[in-house]
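> So the protein sequences, as listed, match chains A and B.
Under the working numbering, the first residue of the first sequence carries the number 1, and numbering increases by one thereafter.
Under the working numbering, the first residue of the second sequence carries the number 1, and numbering increases by one thereafter.
To be clear, the hints were calculated from the coordinates, so they are not data collected in a lab.
These numbers come from a predicted model, not from an experiment.
No residue lacks a Cβ here, since even glycine has one placed at the ideal position from N, Cα and C.
Careful, some of the hints might be misleading.
As the list claims (entries may be wrong) - A few chain B positions that, by computed beta-carbon distances, are all more than 12 Å from chain A:
(1) Leu4
(2) Lys16
(3) Arg30
(4) His32
(5) Ile44
(6) Gly66
(7) Glu110
(8) Asn143
(9) Ser246
(10) Asn250
(11) Arg379
(12) Ile408
(13) Ala410
(14) Gly441
(15) Gln471
Stated by the list, open to error - Incomplete in silico selection of chain B near chain A, CB under 7 Å:
(16) Val324
(17) Pro333
(18) Arg342
(19) Lys374
(20) Pro415
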Amino acid sequence: MALERSDVEKIAHLARLGLNEADLPRTTDALNSILGLVDQMQAVDTDGIEPLAHPLEARQRLRADVVTESNQRDRYQAIAPATDSGLYLVPKVIE
Amino acid sequence: MHQLTLAGIARGLADKSFSSEELTRALLQRIHQLDPQLNSFISITDELAIAQAKAADARRAAGESGALLGAPIAHKDLFCTQGVRTSCGSKMLDSFTSPYDATVVARLAEAGTVTLGKTNMDEFAMGSANESSHYGAVKNPWNLEHVPGGSSGGSAAAVAARLLPAATGTDTGGSIRQPAALTSLTGLKPTYGRVSRWGMIAYASSLDQGGPMARTAEDCALLLQGMAGFDPKDSTSIDEPVPDYSASLNGSLQGLRIGLPKEYFGAGLDPRIADLVQASVKELEKLGAVIKEISLPNMQHAIPAYYVIAPAEASSNLSRFDGVRFGYRCENPRDLTDLYKRSRGEGFGSEVQRRIMVGTYALSAGYYDAYYLKAQKIRRLIKNDFMAAFEGVDVILGPTTPNLAWKIGAKNADPVAEYLEDVYTITANLAGLPGLSMPAGFVDGLPVGVQLLAPYFQEGRLLNVAHQYQQVTDWHTRVPNGF
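Let the sequences and hints guide you as you build the complete structure.
And the structure:
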């Protein structure tokens, strides 16, 4: 199933990627080429095969529920595009 | 001095032939002089390097020793370095200065390494040619019109050109081994979980692994020793003891069982590369190895499965770049959605955008089973192939790449053409196995690499085979013209 231009616009919206209008045809072609490669998977018989998520099938480690980090807000916010009084600034969300 | 390996530098520093500061100043000068031809560095950290070199000299004067104490290296620019820009080859992080060091960076600094700079790479490690960097393509020192491979192409080009003895790289689908092959280096991708991923900017978390790139297996052993080990900050780090890799180098290869997968020598492989791989097999036979033909029947499915798993994980990992907390932010956003969309649309290059969209599509409602789950099932088939093969052989050997380094721009028309170059390396990432590429000759002046794969945590075995091979061959000592 080939992607149409409208599919690509929908995917770009889901990914919050602002695509350039002029690039849409080229992007659509490239994605269809990649999905053509990916669709070769469908010919593989995987009946009864369990999916593999971690190559060594390691379990997630747990740790004690205690505070291990110190507050480093000022350091981390020093690299933010816009902050004020310890808050990250974004355009107005609620009118 | 620039021809010295890490091992040679360790001897020179130990017997006081030169100081780390003298060596560091000489290499920095060489980088400033020669790197404009290669574009292998994104940042050259002169002040940091001199300070670290002086500190290493002081530690040595105070009686400390250590193979990496005072050794100059560079980090691929996706390892976070406190106080130094970490760009990941992207406009998105052009202004990002990390507030902390990656575990690998911290461990190597503790061992006394000197950081000469941060090396160029494909944007967010997505590429096999080092052409997708925001900072421009890297040139292959063996032929400046050709690519050095990717995504650790800057590390590869810099080490091959003798700008420094070794550098860190990362490998998600071949990004250490393929550029090592295309520039005549030795590069090792460790077992998944062997080297901490903490502070390594994530591309595909279930595949990414950091490792050493150097000119010899002996040097890879030294650098890996400083990188490897359990890290509680990385939830996928494996708590296994780290062996002495240098001690593993000198074992005899008598009776070593080497498997040649027939699928690695089929259609698509440049016959001139096949000949050199067979010549390396003959050398290893002379050293006592026993050769067996084996089969990895699911190898052909690895690339399709990889281009679901890696983009899916990338689409999730790269959602953190939102223009709010760090990194690039667009000018004058109208509203929050516009802020996200334009910051990401303007900050990411086209290959990164493509992979994010492929991953978003594969994970979107109604497609998860057909894509991500299917790919994970194929992943198990690939792992099972290897487990069956390692019942009968100790290591697996084949070409690292199907083709020689191509001309810059030659594969830009269709992204899939470049993807196919990773056909021999991707399986080790899907299975989580360690893999090494070592120099095995030249065709038309361009390097050829041989890949070795071993069972989990047998990095020492890979280094042993490569080191023994390098005792009877001199491909790894060849120097590109002009460097």
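> Each hint: holds or not?
For each hint, the structure was consulted:
With 12 Å as the threshold on Cβ separation, the claim that Leu4(B) sits away from chain A holds: the shortest Cβ distance comes to roughly 36 Å. The Cβ of Lys16(B) sits about 40 Å from the closest Cβ of chain A, beyond the 12 Å cut-off, so the non-interface label holds. Every C-beta of chain A lies more than 12 Å from that of Arg30(B), the closest at about 32 Å, which supports listing it as non-interface. Against chain A, the non-interface label of His32(B) holds: every CB pair exceeds 12 Å, the least being about 28 Å.
Distance to chain A confirms Ile44(B) as a non-interface residue, since its nearest Cβ pair spans about 22 Å, more than 12 Å. Against chain A, the non-interface label of Gly66(B) holds: every CB pair exceeds 12 Å, the least being about 29 Å. Consistency note on Glu110(B): stated as away from chain A, and its beta-carbon is indeed over 12 Å from all of that chain's, at 20 Å minimum. No beta-carbon of chain A comes within 12 Å of the beta-carbon of Asn143(B); the shortest separation is about 28 Å.
With a least CB separation of 25 Å from chain A, Ser246(B) remains clear of the 12 Å interface cut-off, as annotated. Even its closest Cβ contact with chain A, about 29 Å, leaves Asn250(B) beyond 12 Å, as expected for a residue assigned away from the interface. Residue placement check: Arg379(B) does not keep its beta carbon more than 12 Å from all beta carbons of chain A (closest about 4 Å). Its beta-carbon lying about 19 Å from the closest one in chain A, Ile408(B) satisfies the requirement of being farther than 12 Å from that chain.
Residue placement check: Ala410(B) keeps its beta carbon more than 12 Å from all beta carbons of chain A (closest about 17 Å). Distance check for Gly441(B) against chain A: the nearest CB is about 31 Å away, which clears 12 Å, and the non-interface claim stands. Distance check for Gln471(B) against chain A: the nearest CB is about 32 Å away, which clears 12 Å, and the non-interface claim stands. At its closest, the beta carbon of Val324(B) sits 5 Å from a beta carbon of chain A; the interface hint therefore holds under the 7 Å criterion.
Because the smallest distance between the Cβ of Pro333(B) and any Cβ of chain A comes to about 5 Å, under 7 Å, the interface hint for this residue holds. For Arg342(B), the interface hint holds, since its Cβ comes within 7 Å of a Cβ in chain A; the closest pair sits about 5 Å apart. Satisfaction of the interface hint for Lys374(B) is found here, the shortest Cβ-Cβ separation to chain A being roughly 5 Å, below the 7 Å cut-off. For Pro415(B), the shortest C-beta to C-beta distance to chain A is roughly 6 Å, which falls under 7 Å, so the interface hint holds.
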